[in-house]
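> Those protein sequence lines, which keep their order, are chains A and B.
If you use our numbering, the first sequence corresponds to residues 1 to 710, in order.
If you use our numbering, the second sequence corresponds to residues 1 to 710, in order.
Quick caveat, the hints were computed from the structure, so don't treat them as lab data.
Some clues are possibly wrong.
Lysine-lysine pairs mimicking BS3-like chemistry, simulated, CA-CA at most 25 Å apart [what the hints assert, rightly or not]: (1) Lys-196/A <-> Lys-16/A; (2) Lys-374/A <-> Lys-538/A; (3) Lys-16/A <-> Lys-547/B; (4) Lys-547/B <-> Lys-596/B; (5) Lys-24/A <-> Lys-608/A; (6) Lys-547/A <-> Lys-547/B; (7) Lys-538/A <-> Lys-16/B; (8) Lys-73/B <-> Lys-315/B; (9) Lys-196/A <-> Lys-144/A; (10) Lys-64/A <-> Lys-374/A; (11) Lys-547/B <-> Lys-596/A; (12) Lys-24/B <-> Lys-547/A; (13) Lys-374/B <-> Lys-73/B; (14) Lys-538/A <-> Lys-24/B; (15) Lys-16/A <-> Lys-608/A; (16) Lys-24/A <-> Lys-538/B; (17) Lys-696/A <-> Lys-596/B; (18) Lys-596/B <-> Lys-596/A; (19) Lys-538/A <-> Lys-196/B; (20) Lys-547/A <-> Lys-696/A; (21) Lys-596/B <-> Lys-16/B; (22) Lys-608/A <-> Lys-196/A; (23) Lys-538/B <-> Lys-16/A; (24) Lys-327/B <-> Lys-144/B; (25) Lys-374/B <-> Lys-547/A; (26) Lys-327/A <-> Lys-315/A; (27) Lys-696/B <-> Lys-696/A; (28) Lys-538/B <-> Lys-196/A; (29) Lys-696/B <-> Lys-547/B; (30) Lys-315/B <-> Lys-327/B; (31) Lys-596/A <-> Lys-696/B; (32) Lys-24/A <-> Lys-547/B.
2 protein chains.
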Amino acid sequence: LSAQYESLDYEISENKLYRDSENKPTHQNSLWVQSRNRWVACFFIGVITALVAAFVDIMVHLSKEWKFNVILKYMLSKCNVEQRGTASGCMWETMITWILYNCTLVSVAASLVIFVSPIAGGSGIPQIKCYLNGIAVPQVVRLKTLLAKAIGVACAVSGGLAAGKEGPMIHSGAVVGAGVSQGRSRSLGIDFGFFKAFRNDRERRDFVSAGAAAGVAAAFGAPIGGVLFSLEEGASFWNQNLTWRMFFTAMISSFTVSSILSWFNGRSGWLSWTGLANFGVFENKDYNIWEIPIFLLIGVFGGITGALFNYLNVKISCFRKKYVSTKFSRFFECLLVAAVSAFLGFVTIFLVDDCQPVGVNPNTTQVNQMWCKKGEYSAVASLFFQNPEESVKSLFHSPMNSFRATTLVIFAVEYFLLTLWTFGIAVPSGVFIPALLTGAAWGRLFGIFVEQLFPSVTGIDPGKYALAGAAAQLGGIVRMTISLTAIIMEATKNITFGLPIMLVLMITKWVGDIFNEGLYDTHIDLAEVPILGWNPPKMSRNILAEKVMRSDVVALELRERVSRIVEILRATAHHGFPIVDRIEESPTQSLPDYGKLKGVILRSQLMKLLENRILENDRGSIYGPVDLAELQGDDQDLTVEQLRLSQEEKACWLNLEPFMHPHPHRVPLNTSLPFIFRLFRGLGLRYLFVVNDDNKLRGVITRKDVARFR
Amino acid sequence: LSAQYESLDYEISENKLYRDSENKPTHQNSLWVQSRNRWVACFFIGVITALVAAFVDIMVHLSKEWKFNVILKYMLSKCNVEQRGTASGCMWETMITWILYNCTLVSVAASLVIFVSPIAGGSGIPQIKCYLNGIAVPQVVRLKTLLAKAIGVACAVSGGLAAGKEGPMIHSGAVVGAGVSQGRSRSLGIDFGFFKAFRNDRERRDFVSAGAAAGVAAAFGAPIGGVLFSLEEGASFWNQNLTWRMFFTAMISSFTVSSILSWFNGRSGWLSWTGLANFGVFENKDYNIWEIPIFLLIGVFGGITGALFNYLNVKISCFRKKYVSTKFSRFFECLLVAAVSAFLGFVTIFLVDDCQPVGVNPNTTQVNQMWCKKGEYSAVASLFFQNPEESVKSLFHSPMNSFRATTLVIFAVEYFLLTLWTFGIAVPSGVFIPALLTGAAWGRLFGIFVEQLFPSVTGIDPGKYALAGAAAQLGGIVRMTISLTAIIMEATKNITFGLPIMLVLMITKWVGDIFNEGLYDTHIDLAEVPILGWNPPKMSRNILAEKVMRSDVVALELRERVSRIVEILRATAHHGFPIVDRIEESPTQSLPDYGKLKGVILRSQLMKLLENRILENDRGSIYGPVDLAELQGDDQDLTVEQLRLSQEEKACWLNLEPFMHPHPHRVPLNTSLPFIFRLFRGLGLRYLFVVNDDNKLRGVITRKDVARFR
Ligand SMILES: Nc1ncnc2c1ncn2[C@@H]1O[C@H](COP(=O)(O)OP(=O)(O)OP(=O)(O)O)[C@@H](O)[C@H]1O
Ligand SMILES: Nc1ncnc2c1ncn2[C@@H]1O[C@H](COP(=O)(O)OP(=O)(O)OP(=O)(O)O)[C@@H](O)[C@H]1O
Ligand SMILES: [Mg+2]
Ligand SMILES: [Mg+2]
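In isolation and in its complexed conformation, chain A is listed as follows:
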């Protein structure tokens, strides 16, 4: 497991200052202010997340308009339209322009990721999942990351990559959640000074989960799905207040997006536009019990292709880690993907002859003649060249014969491969929409087959199979369950198909889990993050605390010389230190003999104490009243050297008793691993101490020690 990740301090350090603060006359009031501020912060998180989402959406939309109207329409109309009655006159020149345009945009996205904020690459969902699980991936909730992500994803999607903007939106929401709740930005070095009470990991994590929910809500118009997403991907326990606040944030966010987009689309005030991913409305909502087996089949297929996707993606990721490691080669890879994506589109349009008369399909807004005859449009182009959301929409709602089977097959395979390649290159990109699109394509194919198998049944709507296929493909890749069902239901604004969607997702997960884990989990494992799963590792009842713990503990006494503390802070990288009543070096054993466990103190708290020189000389105390807020785990990245402690100061003492958490969690030596696991998981622990029968400290267990067992 990699050492670069740090656990969050979800536990409250209940030291004397914390307890005394309750006796202050202003305490009740400040509690009230805090709980009001939580709602205020959530409101702003919702609004700002929505603004980011709307910005991305509008950028993508404008870029698409520009691409179509300026490049395609203009260039094609300019050169000899009459020739052969098709618009293919100077197609190849158009293609070059198109590819160059795409590459330019993608190069912006790639430079942002490679040179500004590497963590902004990819979808960001694995990182958010880690954060919600209790592990801070460095830089993940910084403003810089947000900017790189938002601008980058707009460019990547506009650049025609097989990438979605939904995953990055979720990450953006999380960053907004962290940023707003802290009332400052470390990237900018600005401190607005409000929400000071929320400057600890516990509160921040809660706000991040609200932000992620808001992100989902903004991306899919799915507030319930958003809440479920945050819960499913992160929550270790459920709290009504927190959930309700998450819901509020998600709602505000989806509301704001609706308002902005309804304004942008000229229907100001009408809140029918919700979310970035607008998949249209299903008209024919009936389905019959005999269709259930078909849905099951789609589920199985989705599970298999999803598992295949994950398998291949891991292979590609490993390959990339080894051979595409320099900045330049990563940049070049992005450009290559962009060029190939665009080129493939043109080639397919050229090779696959699927021309449909204009007007048959009311769902295609951008009609492209391309190599087709006059009065016809290329169905392939409508898949490749629209925004992916539009393509999904047209696969869902187009009438029976809008697409040929060959078109669908070729498109599904090509898009599958493109997505595979794209997910993991150095641009911000999500996998949701590409997966939906691939699935919708082969789902529609299923619909066409069914129609040919049972020609007597009138009115089979391939759209619903496209929906099922989309769900199956996405579910097979990400293996989310209830949250994905809710997201799809809300994004399609359709409850009637809830049942088949669930069924499909359930089968998909079962089938997929036979082969491997979900894409996000796989990537988390690749990054060696010490994440804790849902359940204790199997066959671990006989693994006892003795075996899990580290016994070479770095412990402190209740009153310590500053010099020793400085020494420890410098020499070790641990983030917390147990406090015992005495430490006796034993001459026989290598490990000292620790006394009874008295408490725990965090590195950040020690740093604060030293920074504020709350020391005692030999004659007694020299510190005055301390402010609690000053002492909370407000992790600045100071090193001990930067504190510039003088020799005199180093000779002083630090009395840790009033500042330590006096009753940390402890377990006896014979505790089993599942028990320890449940403690960590259920309470969000960072440190657990192992004591012997006399309550003497014997070892320390951190999340990493537990996560080591799989």
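Chain A is fixed; fit chain B with the ligands onto it per the hints.
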């Protein structure tokens, strides 16, 4: 706090037997079988819950048909129809028949509750909430309760009470969950012998939560709402597997209900019929941003009326507890309510003259002429005499002028009062549908006002205000949040109105919480159940374990005389006993001096050990291998006397070491109450031990000790 409630054993007793079982070669396999069986059990829970729900629904439907066709139509048509051109000829005779019919049905419901299973009265949701919180209300998940509940609620609803069948459905689902997963019925004394591995509180609680979710799904066609309900009302922590299984159960249940009802309604195979509460589909789904303030206003109103409802209902409940306590008087009260409900309907129809021409409103299926002229029907009758679900539907979807304002006012007030009176009498009855109905009535009124205030805005649909009002009224009473939003959205098959519904529910909860708690919580408090809330009590940081704990602990030594154990089991009612290495009576203090904490053993385990005579005489062991399953908390209600231990046996020893849980949770004396609370809440503890600095036992804390602090 009342002593009749017992905590569930959510913790696993990790004794030697449990640990050793992992070494068995069959262990892997049995784990696999268990996890498969969980799905199988869930499948059956879903199906059976749905069967119960469909049974109730069909009974109510048939009874309604009968009532309308036989009583109303037939009797009214028999006697002089020509007279005055209205059908009111022998109205009063009809009324008597109608009242008698209703009273008969209600008397069946009341006798079931009063004489067969008192716990079956009311909605059952508070009890389920307690169960999910970790407290077993006696008898609550027995088959007897289920039968009384299902038949009773069918009678009560058919009997025209202002009662819904949805709450009882949820309770039924929970009973089915408990029953199926245990593979036996204690009411019938049948043991099917399967699912033996699930016979412990931990598994049972999980299945009960799945059953409750299935109940909601069957009642409202709302599988996601069902899962959220179980989580919001009960879950202390979120587990993906469990949630997914709950979802599966809910889905199967809603699927089965759909199939049965689509068959019953002659559209066999089409799964458009979902859930018992079918509220129809909204045609006009647009709403504008300027309508938001109106929704807010509706929310405020709902909050206030909801709080009023709860306040009055508590008063009535207290009154009832005092003065309506005999079986006879409770029975009589039920009859009275039935008679008054029916009578009120007739009187209102007679007094309020709201006759509408037939055909204007396509939503009214049962058209009643009553005192109206020929070719007209009474709008009041269509509210009072239809099934409540139908009335809700017609309030949601009827065109603008289907109801007069006066009709709505009078109906809302009357139904509000009736509901108030009905909730708490000795019949199974839910509050969901009546609350929705009341709210829909006054919500529609809002719609009419809005239309009159802004006549220039064309096409205001009072239906959406009725929906908002319904949500507000129900939310104001039960104060559920995200789950209620999901339920309403799924029941109305409408996602577009998600936003206003959430908004309304949020405001409603804020407003209502100013005044009092939700109805279910209030009733839980009235029953003095030691439930644990979401958050630790306020201002409790300085309450330490010393103050929370009981220090007169009844403890055992590792090896105890059988006679002492028998004595303790007889003399105390505790369900768990700490085990210490030695107990020394101290001559000076009243409390003995306990040694170091070694483990904990449950009363049920002691009983099992004694029952199986796993004793040791003075020369050594006389027990052979013990089966783990035999020793799990399979709570039979044996008393010590029934074990018939001989004098010889009483002189033997019981070696507790292999059977105790060897590392129970422990905290030091200086632990704060919030910390203890989070342990109980996050891990579902039953016992927590307090030890001093030497790890010597000093006290015991149970859920009741924690729940005492509010
Ligand atoms: N005070 C300590 N003394 C000795 N070993 C420790 C101490 N704290 C942590 N460890 C051990 O150091 C190893 C690295 O752990 P880890 O990086 O999780 O600790 P940490 O840096 O203190 O915590 P985190 O990074 O999760 O915030 C683990 O095996 C852990 O048991
Ligand atoms: N072994 C024990 N020795 C002494 N007091 C105990 C013991 N167990 C419980 N108590 C105390 O008895 C009181 C009643 O508790 P409670 O009824 O919750 O215990 P219980 O019956 O053992 O548990 P439950 O009913 O929750 O299953 C509490 O104050 C609790 O602290
Ligand atoms: Mg570390
Ligand atoms: Mg008890």
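> Now, for every hint given, state plainly whether the structure supports it.
The hints, checked one at a time:
1. Lys-196/A <-> Lys-16/A: holds, 20 Å
2. Lys-374/A <-> Lys-538/A: Distance ~65 Å between Lys-374/A and Lys-538/A Cα, so the pair is violated.
3. Lys-16/A <-> Lys-547/B: holds, 18 Å
4. Lys-547/B <-> Lys-596/B: holds, 21 Å
5. Lys-24/A <-> Lys-608/A: holds, 23 Å
6. Lys-547/A <-> Lys-547/B: Roughly 35 Å separates the two Cα atoms, so the pair is violated.
7. Lys-538/A <-> Lys-16/B: holds, 17 Å
8. Lys-73/B <-> Lys-315/B: With Cα atoms ~40 Å apart, Lys-73/B and Lys-315/B exceed 25 Å; violated.
9. Lys-196/A <-> Lys-144/A: holds, 21 Å
10. Lys-64/A <-> Lys-374/A: It holds: about 24 Å lies between the C-alpha atoms, which stays within 25 Å.
11. Lys-547/B <-> Lys-596/A: This hinted pair holds, its Cα atoms lying about 23 Å apart.
12. Lys-24/B <-> Lys-547/A: Satisfied, since the Cα-Cα distance of roughly 22 Å is no more than 25 Å.
13. Lys-374/B <-> Lys-73/B: holds, 14 Å
14. Lys-538/A <-> Lys-24/B: It holds: about 14 Å lies between the C-alpha atoms, which stays within 25 Å.
15. Lys-16/A <-> Lys-608/A: holds, 16 Å
16. Lys-24/A <-> Lys-538/B: Holds, at roughly 14 Å.
17. Lys-696/A <-> Lys-596/B: Measuring from Cα to Cα gives roughly 13 Å; hence the hint holds.
18. Lys-596/B <-> Lys-596/A: Judged against 25 Å, a Cα distance of about 14 Å means the pair holds.
19. Lys-538/A <-> Lys-196/B: Cα-Cα ~21 Å, so holds.
20. Lys-547/A <-> Lys-696/A: Given pair Lys-547/A, Lys-696/A holds - Cα atoms ~17 Å apart, limit 25 Å.
21. Lys-596/B <-> Lys-16/B: Answer holds: Lys-596/B to Lys-16/B is near 19 Å, not above 25 Å.
22. Lys-608/A <-> Lys-196/A: holds, 16 Å
23. Lys-538/B <-> Lys-16/A: With a Cα-Cα distance of about 17 Å, the restraint between Lys-538/B and Lys-16/A holds, given a limit of 25 Å.
24. Lys-327/B <-> Lys-144/B: Cα-Cα ~19 Å, so holds.
25. Lys-374/B <-> Lys-547/A: Between Lys-374/B and Lys-547/A the Cα gap is close to 88 Å, so the pair fails against 25 Å, i.e. violated.
26. Lys-327/A <-> Lys-315/A: Holds. Lys-327/A to Lys-315/A sits at ~20 Å (cutoff 25 Å).
27. Lys-696/B <-> Lys-696/A: Holds. Lys-696/B to Lys-696/A sits at ~13 Å (cutoff 25 Å).
28. Lys-538/B <-> Lys-196/A: Given that 25 Å is the threshold and the Cα spacing comes to 21 Å, the pair holds.
29. Lys-696/B <-> Lys-547/B: Distance ~17 Å between Lys-696/B and Lys-547/B Cα, so the pair holds.
30. Lys-315/B <-> Lys-327/B: holds, 20 Å
31. Lys-596/A <-> Lys-696/B: holds, 13 Å
32. Lys-24/A <-> Lys-547/B: holds, 22 Å
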